[in-house]
Amino acid sequence: MPLDILSVEGLRFRYNSIEVLSDLSFRIGSGDYVGLVGPNGSGKTTLIRVILGLAYPAGGRVSLFGKDLAEFREWHRVGYLPQRIASFNPFFPATVREIVGHGLLSKKRFVKRKSWADREAIRKALGFLDICDIEESLIGELSGGQQQRVFLARAIVHEPELLILDEPTAALDPETREKFFTMLAELNEKKNVTIILVTHDIGSIGKYASKLLYLDKKIIFFGSFADFCLSDEMMGYFGAYSQHMICHRHDSEKHRYGSD
Amino acid sequence: MIVRNTGMDLIDFLGYSFIQRGLIAGSFIALLCASLGVLLVLRRLSLIGDGLAHVTFGSVALGLFLRVSPLYVSIPVVMASALGILKLTEKARVYGDAAIGMVSAIGIAAGILIANLAGGFNIDLFSYLFGNILAISTADVFVSIALALVVLGVIILFYHELFSVSFDEEFAETTGIDTEKINVMLVLLTAVTVVLAMKVVGIMLTSALLIIPAITAFQIARGFKNSMIVASIVAMLSVVAGISLSFFLNLPTGSTIVVMNFAFFLITLIWNKLVSRLFKKVT
Chain A
1 MPLDILSVEG
11 LRFRYNSIEV
21 LSDLSFRIGS
31 GDYVGLVGPN
41 GSGKTTLIRV
51 ILGLAYPAGG
61 RVSLFGKDLA
71 EFREWHRVGY
81 LPQRIASFNP
91 FFPATVREIV
101 GHGLLSKKRF
111 VKRKSWADRE
121 AIRKALGFLD
131 ICDIEESLIG
141 ELSGGQQQRV
151 FLARAIVHEP
161 ELLILDEPTA
171 ALDPETREKF
181 FTMLAELNEK
191 KNVTIILVTH
201 DIGSIGKYAS
211 KLLYLDKKII
221 FFGSFADFCL
231 SDEMMGYFGA
241 YSQHMICHRH
251 DSEKHRYGSD
Chain Z
1 MIVRNTGMDL
11 IDFLGYSFIQ
21 RGLIAGSFIA
31 LLCASLGVLL
41 VLRRLSLIGD
51 GLAHVTFGSV
61 ALGLFLRVSP
71 LYVSIPVVMA
81 SALGILKLTE
91 KARVYGDAAI
101 GMVSAIGIAA
111 GILIANLAGG
121 FNIDLFSYLF
131 GNILAISTAD
141 VFVSIALALV
151 VLGVIILFYH
161 ELFSVSFDEE
171 FAETTGIDTE
181 KINVMLVLLT
191 AVTVVLAMKV
201 VGIMLTSALL
211 IIPAITAFQI
221 ARGFKNSMIV
231 ASIVAMLSVV
241 AGISLSFFLN
251 LPTGSTIVVM
261 NFAFFLITLI
271 WNKLVSRLFK
281 KVT
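Those protein sequence lines, which keep their order, are chains A and Z.
If you're matching positions, the first sequence starts at 1 in my numbering and goes up one per residue.
If you're matching positions, the second sequence starts at 1 in my numbering and goes up one per residue.
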């Protein structure tokens, strides 16, 4: 049985006395690729913030790599690509190298200093995402797709075991979005990085993810995309037509549902 | 305008002990203001310097009233006010600019009230409004250098944390950085810097030393570290040029330093526009 990377038990979260997350329990194992989906306001981002220690739950237990979140200090094992990167200050005079180097800070103790090995790690991450040529460019000079790759490089530069991405493809055109998903699939398959990806696009993520977590303040479904498509319960929840549209959107392409 | 003998030997000019004190203390404080200013401008906290400078007016009045050196009274008072602004924005749901505006107004009001109650030191108090680095005492030079070195040391030690929190606070938190502590540190460093800057350009012009070198650097520098270096160079050159010009042209020193800062900004702005226009033509 694979090691639990993330374990959530009976998690509850309230915001101004409104219950945003209600009694969530699930486990994510090493090498899983989980698509976290749900409608607006379903608590996807809140769940991510709780997992990352950015928000405090009203109850329940969250463990990362077998350690309770309150005691967890090994943040270098986690990579994060936030949702609101589009709202960063485009005039911030930081180069791509400086921003990607940011991701290495979690590995360092006080006093944080950069070394030659760090420079190599930055080049490796940029090389993996095919953006070595923009290392000295300012972040504000880049296109949306390039900026997204830079932020992904920042999230993976320290070679995390768990990568959490919050709606990373929202601002990308369809072609760049597909490239982005392919890069993530490579990370998952070649480097065994466990991925949790928040998205609205249940059809697209079903093509790549090994598991689907459908959230609407509570867990509506947690399992494989194939199980989701064959589930009578989900047919009852979404309606037969919607379930069919979600599951057969990519029938012409090779995807997990079709190939399993 | 009385113009001094411009043929005066540079050695003579540098021989005056008040010029030496002004150049040394002014350069250290300018360096400090510039590096901290880059962080403040990028975090859209530029006006915190202005607000805290107004608090300095109240603390100077308190120092004069208590017959204690205004520098020693100002540092704790302005630090407490800086923390007050931070806590108001974090805990009391007051917008940052509103919190700065309120604390700033209270600082001025307190200064005027204390001056009115005490009477008799209005001239001293108002001399702090416009400052005079050439009148700085040897003891104040040493205090300024020591404080500047402490603040610069902290900036160098926490450089990566300060950069990370300034660029993306949420991400910084996920790398294990205690962003709350870094924010407290930033406002406390700003408080000490503002009090020191009061000696160079006076309360009214302190924010210029924080803001102008930073925005000048952003015109030409590529990268965060380079911006800090360029801002520091511009700030120190402005102090040296400002003190020299004010001496030879018999002008108020603080204002001349600020005008020199602005001149550097204009030069870099024009340079930036020319280069980008040329680049467009070439491509």
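Everything labelled a hint here was simulated from the structure, so no lab data went into it.
Careful, some of the hints might be misleading.
Here are the computed lysine-lysine pairs in the BS3-like style, where the Cα-Cα straight-line distance is at most 30 Å [unchecked claim]:
{"id": "1", "chain 1": "A", "residue 1": "K190", "chain 2": "A", "residue 2": "K107"}
{"id": "2", "chain 1": "Z", "residue 1": "K181", "chain 2": "Z", "residue 2": "K273"}
{"id": "3", "chain 1": "A", "residue 1": "K108", "chain 2": "Z", "residue 2": "K273"}
{"id": "4", "chain 1": "Z", "residue 1": "K273", "chain 2": "A", "residue 2": "K107"}
{"id": "5", "chain 1": "Z", "residue 1": "K225", "chain 2": "A", "residue 2": "K108"}
{"id": "6", "chain 1": "A", "residue 1": "K217", "chain 2": "A", "residue 2": "K190"}
{"id": "7", "chain 1": "Z", "residue 1": "K91", "chain 2": "A", "residue 2": "K217"}
{"id": "8", "chain 1": "A", "residue 1": "K114", "chain 2": "Z", "residue 2": "K181"}
{"id": "9", "chain 1": "A", "residue 1": "K114", "chain 2": "A", "residue 2": "K67"}
{"id": "10", "chain 1": "A", "residue 1": "K211", "chain 2": "A", "residue 2": "K67"}
{"id": "11", "chain 1": "A", "residue 1": "K67", "chain 2": "Z", "residue 2": "K181"}
{"id": "12", "chain 1": "Z", "residue 1": "K181", "chain 2": "A", "residue 2": "K107"}
{"id": "13", "chain 1": "A", "residue 1": "K190", "chain 2": "A", "residue 2": "K207"}
{"id": "14", "chain 1": "A", "residue 1": "K114", "chain 2": "Z", "residue 2": "K225"}
{"id": "15", "chain 1": "A", "residue 1": "K67", "chain 2": "A", "residue 2": "K179"}
{"id": "16", "chain 1": "Z", "residue 1": "K225", "chain 2": "A", "residue 2": "K124"}
Handout entry: Violating hint indices (sorted, rising)
Key = Violated hints (numbers, rising): 2, 3, 4, 6, 15; every other hint is consistent with the structure.
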